[in-house]
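*Asks:* So the protein sequences, as listed, match chains H and G. Taking the numbering used here, the leading residue of the first sequence gets 9, the next gets one more, and so forth. Taking the numbering used here, the leading residue of the second sequence gets 554, the next gets one more, and so forth.
Warning: the hint list may mix true and false statements.
Mimicking EDC-like on lysine to aspartate or glutamate, the simulated pairs with C-alpha atoms at most 16 Å apart in a straight line are [claimed, not checked]: (1) LYS79(H) x GLU61(H); (2) LYS652(G) x ASP64(H); (3) LYS652(G) x GLU38(H); (4) LYS620(G) x GLU558(G); (5) LYS555(G) x ASP46(H); (6) LYS652(G) x GLU106(H); (7) LYS595(G) x ASP46(H); (8) LYS595(G) x ASP113(H); (9) LYS652(G) x ASP67(H); (10) LYS555(G) x ASP67(H).
Interface residues of chain H toward chain G, partial, derived using beta-carbon atoms under 8 Å [to be verified]: (11) GLY50; (12) GLN53; (13) MET58; (14) ASP64; (15) SER102; (16) ARG105; (17) GLY107; (18) GLN109; (19) PHE111; (20) ASP113.
Source of the hints: derived by calculation from the structure; they are not laboratory data. Where a beta carbon is used, it is the ideal one built from N, C-alpha and C, also for glycine.
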Amino acid sequence: EAQVTQNPRYLITVTGKKLTVTCSQNMNHEYMSWYRQDPGLGLRQIYYSMNVEVTDKGDVPEGYKVSRKEKRNFPLILESPSPNQTSLYFCASSLRREGPQHFGDGTRLSIL
Amino acid sequence: QKEVEQDPGPLSVPEGAIVSLNCTYSNSAFQYFMWYRQYSRKGPELLMYTYSSGNKEDGRFTAQVDKSSKYISLFIRDSQPSDSATYLCAMGLTGGGNKLTFGTGTQLKVEL
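All chains, please: the whole structure from these sequences, using the hints.
*Replies:* Okay, structure coming up:
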């Protein structure tokens with residue numbers, strides 16, 4: 009089954025404690041993205057990747073890092089999380105740069 | 554002003570009704586358009602993808618794009634309780650990287 013898998017699905021942690029959210033896709037897609045979803049703001053792109061070792065900033069990259077060492081994986085790293093990063097995070101992948109993206113089921117992060 | 558405006562609802566309709574969901578946008582450079590359905594605690598699921606003005610039909614769903622008015626619509630015929638979800642419009646630019654710009658979503662409830 010074609011899917012985008014995120015882990016963990018839920019995480020409560022404290023300010024300043026580094027965390028990583030993993031994302032893996034099994035569709036051999038070139039492009040992968042991270043979005044955050046906040047009430048009243050919709051989904052906003054954090055970072056995206058066009059290929060292995062190639063990444064670029066989205067609209068809200070501050071406080072986040074990403075890496076793409078393998079085509080299937082695109083982890084999101086919060087090196088020093090803060091409460092304003094409490095949100096619902098989605099990983100997505102797509103075959104082409106332009107066109108529909110396929111989303112994972114989300115990771116709900118709470119930073120206390 | 555947001556680039557994409559979408560009425561948040563909630564919208565409540567009886568089973569069997571025709572549902573009309575709409576988004577307006579301000580950036581005339583948007584070239585491709587999508588509708589996603591999002592159930593609670595799940596990721597956005599692609600419903601419809603269109604690249605040009607006009608109508609596209611898939612089963613009970615019809616997507617309509619009017620680029621001259623910067624207006625897109627999703628129609629759901631013979632609505633079912635299983636259609637109860639949040640519907641997100643999304644759009645992208647040609648040459649705009651891998652970013653989708655989303656509306657904030659309309660919550661739909663189809664009642665028995």
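*Asks:* Let me know if the C-beta of GLY107(H) comes in closer than 8 Å to any C-beta of chain G, holds or violated.
*Replies:* Because about 7 Å separates GLY107(H) from the closest Cβ in chain G, which is inside the 8 Å limit, the hint holds.
*Asks:* Classify the hint on GLN53(H) as holds or violated, based on whether any CB of chain G lies nearer than 8 Å to its CB.
*Replies:* Interface hint status for GLN53(H): holds (5 Å vs cutoff 8 Å).
*Asks:* With the threshold set at 16 Å, check whether the alpha-carbon distance from LYS620(G) to GLU558(G) stays at or below it.
*Replies:* Answer holds: LYS620(G) to GLU558(G) is near 15 Å, not above 16 Å.
*Asks:* Between LYS595(G) and ASP46(H), is the straight-line Cα distance small enough, at 16 Å or below?
*Replies:* 15 Å, holds
*Asks:* Between the alpha carbons of LYS652(G) and GLU38(H), is the straight-line distance 16 Å or under?
*Replies:* 14 Å, holds
*Asks:* Just to be careful, I want the Cα atoms of LYS555(G) and ASP46(H) compared with a cutoff of 16 Å; is the pair within it?
*Replies:* 14 Å, holds
*Asks:* Does the closest beta carbon of chain G sit nearer than 8 Å to the beta carbon of ASP113(H)?
*Replies:* The hint holds - ASP113(H) has a Cβ within 8 Å of chain G, the shortest such distance being about 5 Å.
*Asks:* Do the numbers back the hint for GLN109(H), that is, is its least Cβ distance to chain G under 8 Å?
*Replies:* 6 Å, holds
*Asks:* Taking 16 Å as the top limit, are the C-alpha atoms of LYS79(H) and GLU61(H) close enough?
*Replies:* Cα-Cα ~9 Å, so holds.
*Asks:* For the pair supplied as a hint, LYS652(G) and ASP67(H), confirm whether the alpha-carbon distance does not exceed 16 Å.
*Replies:* Distance ~9 Å between LYS652(G) and ASP67(H) Cα, so the pair holds.
*Asks:* Between the alpha carbons of LYS595(G) and ASP113(H), is the straight-line distance 16 Å or under?
*Replies:* Holds, because 5 Å separates the two Cα atoms, which is no more than 16 Å.
*Asks:* Is the shortest C-beta separation between ARG105(H) and chain G less than 8 Å?
*Replies:* 5 Å, holds
Of the numbered hints listed earlier, not one is contradicted by the structure.
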